[in-house]
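The opening position of the sequence shown corresponds to residue 10 in this note's numbering, with each subsequent residue numbered one higher.
Hints were generated in silico from the structure; no laboratory data involved. Quick reminder that beta carbons are idealized off the backbone N, C-alpha and C, glycines included. Wrong hints could be hidden among the right ones.
Pairs of lysine-lysine residues, derived as BS3-like cross-links and limited to a Cα-Cα distance of at most 27 Å, are as follows [unchecked claim]: (1) Lys356 to Lys301; (2) Lys295 to Lys329; (3) Lys329 to Lys356; (4) Lys301 to Lys329.
Computed beta-carbon distance windows for the label pairs [as the list claims (entries may be wrong)]: (5) Asp284 to Ala345: 20 to 28 Å; (6) Pro281 to Ala98: 37 to 45 Å; (7) Ala317 to Ala130: 39 to 47 Å; (8) Ala317 to Glu288: 22 to 30 Å; (9) Asp284 to Ser97: 24 to 32 Å.
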Amino acid sequence: RSSSRLAASVGDGSDIGCAAPAASTCCSRIGQAFAAMANLLVLIAGAAAHHFIADPTIKLISPLEAPSFAPRIRVPSAAQFLALAPSSALIAFMALGGHLIVAERARRPQDLLDARRELFALGLGNVGAALAAGMPVMPNLATTMAVKRCTGGFASIGNAAGHFAAFFLAAEVPSLQRVPMFAIGVILFVDFAPLLLEAPRDIMHLLRQLRHDGNLTWRGLLSSDLSIFVAALVSPLAFGIIQGSVIAILLELLFAVSRFAGAGYTTLGRVPGTDIYDELNVPGSKAQELPKVYIVRFSGPRWFGNVASTTRIARRERRKRNAEIQFIVVDMSMVAFLDETALVHYKREWSNRSERIIVSNCCARVRGQLERSGLLEDVLPQPQETLVRLHHAVVYAEGLAGDALGPAVSFQATMSETAA
């Protein structure tokens, strides 16, 4: 229909503006159809090449087994279980991760995505696939749902029927199973070649991002997205698909945990003439240091893995400033909780300091922990208003330091202005 419309338009010289998009859409759909059949065409070409070459040294893929709904329950031995455990865990991890990524990209704003429900559905589907000697359920489930939403309910039925028909046909016709291994290699190479070609560009982008953040240290490098990207790229290439993927996952988890095991704090300043506080020495920030008042922001929960290193590194950085510090205001807006080790640590460390500690921007849970541990009563005596707003805490500290009208007058004046 698009071709005839294009021919008629060209014939009389009219409606070219409408015919060109129609022809482009038609060609695009034809191209998408050939792209979807590319893998099948490669397998057919590989089987035909093996048939004509007839070289017995060419390795073929394993014979296919016809799908069956008859349960095939066989209890594996301990050796089989141990041998299959790493691969099974890897398949489950990759299936859930890939499914959630595809579902997150394909879902509509009104669609709810529950990771636990998706995990249960994938697990139940894989149990059924195992009983029927089928393939593991991978991100195809989310892809099928996206196709169903775009093209109607028959798309998912046609997708499933096509897979079953292909498997039954290949199982019943042995000549179709004589597919050489190099055909699979060609498919994998074509699928992953764009990723490998884009790897240098992605590495340079992550390296520039790391340099822009000013965190070019060994700790910053190991906890950055660059290290996770390199581990995910190099490990499967160096150690194989199964072992390399397991090593990559372990390294990625280790690098991710190291982000929260570091110092995890930022030095803040105030934008002159405002009650806005921002990071110091960061491009785009207009914040400036305050005399005698040192403001820090904890970037995450305080727990046994980062509380001691935060105190040690922050103390070392303060000594390098060569400026008088009488008050330290701690912004806890990003702290969701403190574990028992952190509470004991701060109660010991903050009790024996020459500078006075004032905490602010605490959520209700953190305030409750500080109260129950005795920190607020014994170590951090301060007005309740300063616990919930950073500006109030800073003005309170400036008043105590003598840089305003006085502790009571300046703080009460600021509170009155805020209420007004």
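Hint check:
Our distance criterion of 27 Å between C-alpha atoms is met by Lys356 and Lys301, whose separation comes to about 23 Å. Annotation: proposed proximity of Lys295 to Lys329 holds, straight-line Cα distance about 22 Å (limit 27 Å). Restraint check: the Cα-Cα separation between Lys329 and Lys356 comes to about 25 Å, which is no more than 27 Å; the hinted pair holds. For the suggested pair Lys301 and Lys329, the alpha carbons sit about 15 Å apart, so the restraint of at most 27 Å is met.
The given range of 20 to 28 Å is respected by Asp284 and Ala345, whose C-beta atoms sit roughly 24 Å from each other. Between Pro281 and Ala98, the C-beta spacing of about 56 Å breaks the proposed range 37 to 45 Å. The hinted range of 39 to 47 Å is satisfied by Ala317 and Ala130, whose Cβ atoms lie roughly 43 Å apart. About 23 Å separates the C-beta atoms of Ala317 and Glu288, a value consistent with the hinted range of 22 to 30 Å.
Distance hint check: the CB atoms of Asp284 and Ser97 are about 56 Å apart, inconsistent with the given range 24 to 32 Å.
Hints 6 and 9 from the earlier list are contradicted by this structure; the remaining hints agree with it.
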